[in-house]
Structure formats: structure tokens, C-alpha cells
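Enquirer: Sequence:
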Amino acid sequence: MKNVLRATAVIMGAAALVAGCSTEDRSAAPTTPAVATTTNATVVETTADAPPAVTRPVETSTSLPKAESNISGNGLCLDQDSSGARAALATLPGDGTWKVEHVSDATIGNCPELLWLSAAGGNSAAAPIHVLFFHDGKYMGTATSEPYAFARVASSNDDTVAVEYKWLVGNEAFCCPEGGPVTITYTWNGSRVVMNEQLPKEVTG
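Using the UniProt record's numbering, the first residue of the sequence shown is number 1, and each one after it goes up by one.
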């Protein structure tokens, strides 16, 4: 009988020991999963709060090859014979007949934020005119998507170019349009060129 009781006590003691070890193992379990979960949540929250990437509208910027981004030369901020100016002209539609008529006369050391040149698509007095804009050595695009006759740059300052538009109202000669003028300003706002108002239907029509 004593042997039976002794054996029972030994078995119960062993069971208690095993139970104690099991409890200790659970309390010492690594906490890495909890830390990983917290870290992942923080990353997702940061990503969600991050501001969206800012992209420049395609119509206000034309990328040129790096070697052709240089627009200065001969002491001028914008030289019409520079690789950058020629490359910009080459992007205009047509068969390469666009010729520079007028160009910013700012000199290196005093370059404005917004530079310009005007080009005619022919030799007629009613030839279509495009005004091209440049900023920081890069071609930014044309004043309007379509060229218009009787357009000329009336004035410019550091960040604004004023373009004057006229139009025919009767049978007057192409040299002397009597419609208008209306002056539209184009301003560099820090990221793109902004047109202050739309052209009147007399010009676009």
C-alpha cells in the first residue's frame, strides 16, 4: 500500500512540474508578431497620408533631349540659333517652315523667369504665328494650341508676357487688320505658364 501511495505521489509531482514548465514557456513567448503588426500599421498610415505626386500638365511642357535644353548663346538668355531654340521650333507641326520673327532680348546675368520667341509659319502677312515660352533653360510650350495670324508680343517683364491679337473684320488688306486688338497675358506662376483669359471668338473663329 505504501508503495502505491509513493508511486502516486511521484506521478502527481511530475505532472505538476510539467504543468509549471508549460506555463513558463507561454509567458516567455517572443513578442515579435505584435511588434511587426504595429510597424506595418504605421507604414500603411504614413503611405496613406503622403501627398500625391505633383505632375505638370502635358500641354504646358515639352521635354527636349538633355543636349538640346541649352537655349542661351551670344550673350543672350535666349538665342534663336541655340540648340534648345531650334529643337523647340522643330516640335511645331508642319514641314519645318517656321521662322523666328522676334525673340526676348534679355542678356545673360539678367534673365527673366519667362522667355519667349515668336515664329511665323510662312511669309504671308497673314501667316500663322506661334509664341513659344521658355523657363530655366527649358521649352514650356506655345501660348495657344493653334497658331493665329496677326499675333505679336506687345511687352514682357520678369514673369509675364503680353501677346496682342488682331483680326480681319471686312475686306481690308492682310497688312492692316482692323479687329482688336485684344491683349492676353501669360504668366509663370512657379510651376507652369498661366493664360489670364481665353481668346475671343473673333480670333479663334
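Calculated from the structure, these hints are not laboratory results. The C-beta atom is built at its ideal place from N, Cα and C for all residues, glycine as well. Honestly, I wouldn't trust all of these hints.
Said to hold, decoys possible - For lysine-lysine, the following DSS-like pairs were computed, each having C-alpha atoms within a straight-line distance of at most 30 Å:
#1 Lys-99 / Lys-138
#2 Lys-201 / Lys-99
#3 Lys-166 / Lys-138
#4 Lys-99 / Lys-166
#5 Lys-201 / Lys-166
To be verified - Per label pair, the in silico range of CB-to-CB distance:
#6 Gly-137 / Gln-198: 27 to 33 Å
#7 Arg-86 / Lys-201: 32 to 38 Å
#8 Gly-170 / Gly-73: 39 to 45 Å
#9 Pro-181 / Asn-157: 16 to 22 Å
#10 Thr-97 / Arg-152: 15 to 21 Å
#11 Pro-200 / Gly-73: 33 to 39 Å
#12 Gly-137 / Glu-202: 20 to 26 Å
#13 Gly-205 / Ser-124: 29 to 35 Å
Enquirer: Now tell me if each hint is right for this structure.
Expert: Each hint tested on the structure:
{"no.": "1", "hint": "Lys-99 / Lys-138", "result": "19 Å, holds"}
{"no.": "2", "hint": "Lys-201 / Lys-99", "result": "26 Å, holds"}
{"no.": "3", "hint": "Lys-166 / Lys-138", "result": "29 Å, holds"}
{"no.": "4", "hint": "Lys-99 / Lys-166", "result": "20 Å, holds"}
{"no.": "5", "hint": "Lys-201 / Lys-166", "result": "11 Å, holds"}
{"no.": "6", "hint": "Gly-137 / Gln-198: 27 to 33 Å", "result": "29 Å, holds"}
{"no.": "7", "hint": "Arg-86 / Lys-201: 32 to 38 Å", "result": "34 Å, holds"}
{"no.": "8", "hint": "Gly-170 / Gly-73: 39 to 45 Å", "result": "44 Å, holds"}
{"no.": "9", "hint": "Pro-181 / Asn-157: 16 to 22 Å", "result": "19 Å, holds"}
{"no.": "10", "hint": "Thr-97 / Arg-152: 15 to 21 Å", "result": "19 Å, holds"}
{"no.": "11", "hint": "Pro-200 / Gly-73: 33 to 39 Å", "result": "37 Å, holds"}
{"no.": "12", "hint": "Gly-137 / Glu-202: 20 to 26 Å", "result": "36 Å, violated"}
{"no.": "13", "hint": "Gly-205 / Ser-124: 29 to 35 Å", "result": "20 Å, violated"}
Hints 12, 13 from the earlier list are contradicted by this structure; the remaining hints agree with it.
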